[in-house]
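As given, the protein sequences belong to chains A and B, one line each in that order. So for the first sequence, our numbering puts the first residue at 1; every next one is plus one. So for the second sequence, our numbering puts the first residue at 269; every next one is plus one.
It should be emphasised that the hints constitute simulated quantities derived from the structure, not laboratory data. Watch out, some of these pointers could steer you wrong.
[As the list claims (entries may be wrong)] So the derived label-pair ranges between C-beta atoms look like this: (1) A:M114 x B:D289: 18 to 26 Å; (2) A:R160 x B:E290: 25 to 33 Å; (3) B:R322 x A:A15: 56 to 64 Å; (4) A:R132 x B:D351: 36 to 44 Å; (5) B:A415 x A:S37: 30 to 38 Å; (6) A:H133 x B:Y283: 38 to 46 Å; (7) B:V531 x A:G135: 37 to 45 Å; (8) B:G441 x A:E90: 15 to 23 Å; (9) B:R509 x A:M114: 29 to 37 Å; (10) A:A198 x B:M474: 38 to 46 Å; (11) B:T445 x A:A198: 15 to 23 Å; (12) B:K302 x A:E90: 19 to 27 Å.
Please read all numbers here as calculations on a predicted model, not as lab measurements. We put the CB at the ideal spot given by N, CA and C, even for glycine.
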Amino acid sequence: MNMQVNPQELGLDPAPLLSVAGVSRFYGERIGCADVSFDLWPGEVLGIVGESGSGKSTLLRCLAGIDKPDEGQVLFRGGTEPLDIYSVAEQERRRLMCTAWGIVHQNPRDGLRMDVSAGGNVGERLMDNGARHYGKIRETALDWLQRVEIAAGRIDDRPRQFSGGMQQRLQIARVLVSEPKLVFMDEPTGGLDVSVQARLLDLLRVLVRDLGLAAIIVTHDLAVARLLTDRLMVMKDGRVVEQGLTDQVLDDPHHAYTQLLTSAVLTV
Amino acid sequence: MTVHQSISDETRPAYNYAYLDEQTKRMIRRALLKAVAIPGYQVPFGSREMPLARGWGTGGIQVTAAIIGPDDTLKVIDQGADDTTNAVSIRRFFERTADARTTEATDEATIIQTRHRIPEAPLKAGQIMVYQVPQPEPLRKLEPHEAETRKMHAWAEYGLMQVKLYENIARFGEVTTTYDYPVMVNGRYVMAPSPIPKFDNPKMQMSPALQLFGAGREKRIYAVPPHTSVRSLDFDDHPFRIQSWEQPCALCGAADSYLDEVVIDDQGGRMFVCSDSHHCETRRAEGHRGAMLADASALHLVEDEAKP
């Protein structure tokens, strides 16, 4: 059931970027997610799929340093030394979150400042990290807006004036501007229509490949998983029931639930 | 140790010296000491009800009440002027409750309570500025959660403040914040300098006077000790600038003071005069004459000292 991936064979850095060991989060009696362990290598995209309420978002919040898990450990190798993100001070964790990490929320309103212009939104992380040259900040913001296919003329518009798809692209630019090593995405295409989804996925694929990002993408959409991810983790009732290479899991599902999930995909 | 203890029972007023009871004053002084020890850090304190509405300077009055003694000379200014309603009322309050000597002269005062301005005359060592602060949290409009702003201060995460300045420049080509312009104190805490015009910000830098800030409604005290660096936030390519005027003061001719625009008729006439009334009077007494001084004195709006 568990696939072992040999990083050397894949030509990846031998040390995993993120090591997760036995992460569990409980809501009182109920299980949020239980005993999740995996490694994520640099440049790798991991998908977490499962139905609503299967603990995907809970797990992501634990990994991203938002909610402390009740058990388990999350090790991050951003620098030379592995860092247990929940044993370091909150200050360190927050600094990580605005430099080496990025979180793309399902709802752009959670990730954007709605009353700050697009340029300000993209520039915020630069200013958080000490940039104090207006011209350079604006230049970088412009560059990133263009990379996510937002017209340069919209740099001083507020996110409110943007469509849903543009807001999501803006959020991605805002996260990627600090050149993070690891990006967490919670349903990045949720609530978008199919054609906008397709363009966003295309964009994400290009960016992830170009920047050599490692990413963890939570989704319930198997098409998104197929397009973007290298490896897949299938969750049910808070537990990982199957994990392996994406194509393998989707084309040859072993666990009964995964079989159900793959056969439930609508084909038009 | 109150002064009123020496007064006989019949004439003894119903309140303690300087209105507040001694325990309250000790509490405020403790907060003040902590504030001075950590320049720019907002210290919570138990703000009391005062005999005027919150938002009218209760924070400043409580700070003044906690530090004033019989030897002090108090000056109170509101919008730079000594003769506005609030300034007159607060001055009278301390005359009555603290037997305070009061003055309009900046260099004679030991305590200067202020709203909106720092006097034009340079401050000296030994003087104490007391600011009435409506909103002590410079990040409040950007981040509504108190728990979050405290963390941001604790870990000096001030990128958001810079985002606000960025927005100004992106929209208007320059930073349009003209008052309550955020400053970095001692290279550590970002502080709201109360609603003084940004014209006054450079006066806080390395000032020899002690500067105390009291926010009564928000229950916060903070301070800038003497000779402390107070730097206005800016961008490398958009440096901090203060306001300037095209004409000097119409009454005293000062070209280097903060000017108020005064509408003088319904024909569009207006004049620019020093907002610091004492500074303007001093200059007129020294013989400086502005372009409209003769007109103003003909209407008995001001006294023209130079007139025979």
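Quick check: which numbered hints come out false for this structure? 1, 2, 6, 8, 10 and 11
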